[in-house]
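Number of protein chains: 2
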Amino acid sequence: MTTSVDLHTYLTARRERVEKALREVFPPAWGIPSTLRDAMDYSLLAGGKRLRPILVLAAAEAVQDDAERASDRAMPFACAVEMIHTYSLIHDDLPAMDNDDFRRGRPTNHKVYGDAMAILAGDGLLTHAFHVLASAAKGGVPAERVLAASEELAMFAGVFGMVGGQALDMEGEQGVTSLGQLESIHLHKTSDLIAFSVRAGGHASEAGDDQLRALERFGKNVGLAFQIQDDILDLTGTEEKLGKPVKSDERQEKVTYPFLIGLDESRKRVSSLTEEANEALLGAGLSDPRRLIEIAGSLLNRDH
Amino acid sequence: MTTSVDLHTYLTARRERVEKALREVFPPAWGIPSTLRDAMDYSLLAGGKRLRPILVLAAAEAVQDDAERASDRAMPFACAVEMIHTYSLIHDDLPAMDNDDFRRGRPTNHKVYGDAMAILAGDGLLTHAFHVLASAAKGGVPAERVLAASEELAMFAGVFGMVGGQALDMEGEQGVTSLGQLESIHLHKTSDLIAFSVRAGGHASEAGDDQLRALERFGKNVGLAFQIQDDILDLTGTEEKLGKPVKSDERQEKVTYPFLIGLDESRKRVSSLTEEANEALLGAGLSDPRRLIEIAGSLLNRDH
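Chains as they are written, first to last, in the working numbering: chain A, 1 to 304; chain B, 1 to 304.
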């Protein structure tokens with residue numbers, strides 16, 4: 001499946017709206033120290049697919065007929081997710097962590113601003129994400145829903161979610177041997193934030209519990225498929241397309257899906273997870289799950 | 001002013017309740033990776049004065065007659081503040097930041113768990129603070145109040161608050177020359193989180209806007225006095241009492257209040273700020289501001 005013209009138009013339009021909103025998350029009047037502001041903007045406004053915030057908007061639109069209104073209401077959640085994702089990349093790239101010099105074809109944050117400012121930029125983005133998220137209440141999302149989203153963001157991005165997955169990954173460097181271990185790391189490191197993204201969109205559109213559960217199942221499966229595809233692309237992709245060195249997993253002796261079960265099996269797993277993701281959406285009474293299904297499909301055959 | 005027996009009893013009782021609550025912020029069933037959990041607990045359960053969480057409880061009790069109920073409702077906010085404070089210490093102590101080896105008489109987090117795990121432990125505590133804070137809704141605090149507290153925590157601890165102050169401090173290492181600059185750093189680095197603490201207590205007891213403003217003014221002044229007293233103690237205190245090396249500011253060539261205006265003037269400033277703090281509470285229609293005033297007084301003459 002390739003990205004249809006229609007989906008391409010949709011993704012471009014949503015990405016542009018996300019970019020615009022991200023440029024406005026720090027009110028200029030509030031006087032953030034300039035180096036800190038520059039360091040945060042350097043990574044937050046570095047482009048990228050904006051997959052997670054687009055999934056927030058697409059999920060909100062899947063629940064509610066009025067797509068414009070749904071994505072407006074969900075935008076603070078979309079920005080918060082991207083801020084969390086960005087902070088995690090900044091901290092992961094630090095010398096003490098993965099020690100990466102390049103990200104999206106540019107020097108990593110600490111290479112430009114130094115380790116101390118990169119740590120602060122990450123802390124700042126992480127903290128301010130909760131401020132931006134809370135502003136959804138001003139856009140008409142009921143306080144209970146905003147609070148639920150805040151609590152869930154802390155869980156899916158925190159010690160039981162993304163941060164926990166990162167810690168598992170570090171512990172695992174002493175030797176991941178089973179697929180179960182690897183899957184647990186990926187589920188937390190990557191899937192949890194994607195699962196949160198679609199749940200958050202659901203909350204913005206006041207989805208019912210069944211719909212939230214269906215969205216979460218979709219997100220977990222898509223997130224795992226996405227991570228396996230990343231492992232595959234690290235082996236088979238080109239540096240030009242990816243904007244980062246290829247075969248870095250091999251060099252760092254990371255245990256990946258292709259390493260454990262081979263390329264073919266890894267590709268099959270991406271397909272079956274994508275199918276499971278889409279199945280989760282059927283029968284959940286969503287107003288229109290088409291975009292979410294299209295996005296999941298487009299991730300299946302991506303080359304970057 | 002010295003700590004009265006009565007105040008001592010109060011502080012001990014509240015500290016014990018805070019310690020108990022802090023031991024329960026991570027539900028055991030949720031399966032946090034053990035090294036991460038250990039690293040977070042190492043710093044979170046390291047004792048200390050617990051000034052910020054006690055101020056949360058005391059502010060809640062100042063607004064509401066029923067002290068037991070007030071402090072129960074405010075406890076999630078109290079824990080969240082201490083988690084934020086703890087994460088900031090872990091990250092500040094990192095080699096890339098202040099490079100401190102000891103804190104409260106023990107090796108710092110990264111000396112025990114390594115830099116990478118210390119970064120993650122900080123990220124985990126910071127993120128989970130918002131989860132714990134949100135749980136106040138289950139204790140009967142209205143969702144709107146919990147959401148307001150969450151938004152304020154993100155602001156006072158974030159890029160306009162504590163993280164911003166830290167960045168200002170780093171920029172200032174190239175040369176703070178004026179009292180205004182130094183005060184701005186301290187206000188953000190230290191006062192903001194203390195101002196949040198008393199506001200959060202106010203929210204837990206559904207304080208009115210005037211009361212919240214009075215509590216915030218109290219907190220800002222107490223926070224600044226507290227920081228100046230820290231500068232003074234670094235010069236005049238003993239390593240045994242402080243649990244960390246003295247005169248570290250001098251060695252690190254940090255610009256402090258005593259450096260800029262001398263010891264005597266610094267001490268006068270602590271007194272006048274404490275008076276201003278207490279004045280802020282009068283006329284705000286608080287049910288009983290006595291404990292807050294006593295706590296501010298006890299900070300004035302502390303030796304650690």
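Treat the hints with care, since some could be wrong.
As the list claims (entries may be wrong) - Only pairs whose alpha carbons sit at most 27 Å apart, straight line, appear in this in silico DSSO-like list of lysine-lysine: (1) K254(B) - K268(A); (2) K138(B) - K111(A); (3) K247(B) - K254(A); (4) K49(A) - K268(A); (5) K268(B) - K111(B); (6) K138(B) - K138(A).
What the hints assert, rightly or not - Computed far set for chain A versus chain B, every beta-carbon distance over 10 Å: (7) G31; (8) R37; (9) E171; (10) K247; (11) I261; (12) R290.
For the record, the hints were derived by calculation from the structure and aren't laboratory data. Note that beta-carbon positions come from the ideal geometry of N, C-alpha and C, so glycine has one too.
Here is how each hint holds up against the structure:
Only pairs whose Cα atoms come within 27 Å are accepted, and K254(B) paired with K268(A) is rejected, the gap being roughly 59 Å. Taking the CA atoms of K138(B) and K111(A), the gap is near 44 Å; set against the 27 Å cutoff, the hint is violated. Between K247(B) and K254(A) the CA atoms are separated by roughly 45 Å; this puts the pair beyond 27 Å, and the hint is violated. Taking the CA atoms of K49(A) and K268(A), the gap is about 24 Å. The hint holds against a cut of 27 Å.
Straight-line distance between C-alpha atoms of K268(B) and K111(B) comes to about 38 Å, which puts the hinted pair past the 27 Å bound. Proposed proximity of K138(B) and K138(A) is supported: the alpha carbons are some 23 Å apart, at most 27 Å. At the 10 Å boundary, the C-beta of G31(A) falls inside the reach of chain B, the nearest C-beta of that chain being 7 Å off. Residue-level check failed: R37(A) sits 8 Å from the nearest beta carbon of chain B, not beyond 10 Å.
Distance check for E171(A) against chain B: the nearest CB is about 6 Å away, which does not clear 10 Å, and the non-interface claim fails. Listed as outside the interface, K247(A) is consistent with that label: its C-beta sits roughly 23 Å from the nearest C-beta of chain B, beyond the 10 Å cut-off. Residue-level check passed: I261(A) sits 24 Å from the nearest beta carbon of chain B, beyond 10 Å. Look at R290(A): its CB is around 33 Å from the nearest CB on chain B, clear of 10 Å, so calling it non-interface holds up.
When held up to the earlier numbered hints, the structure conflicts with 1, 2, 3, 5, 7, 8, 9 and fits the remainder.
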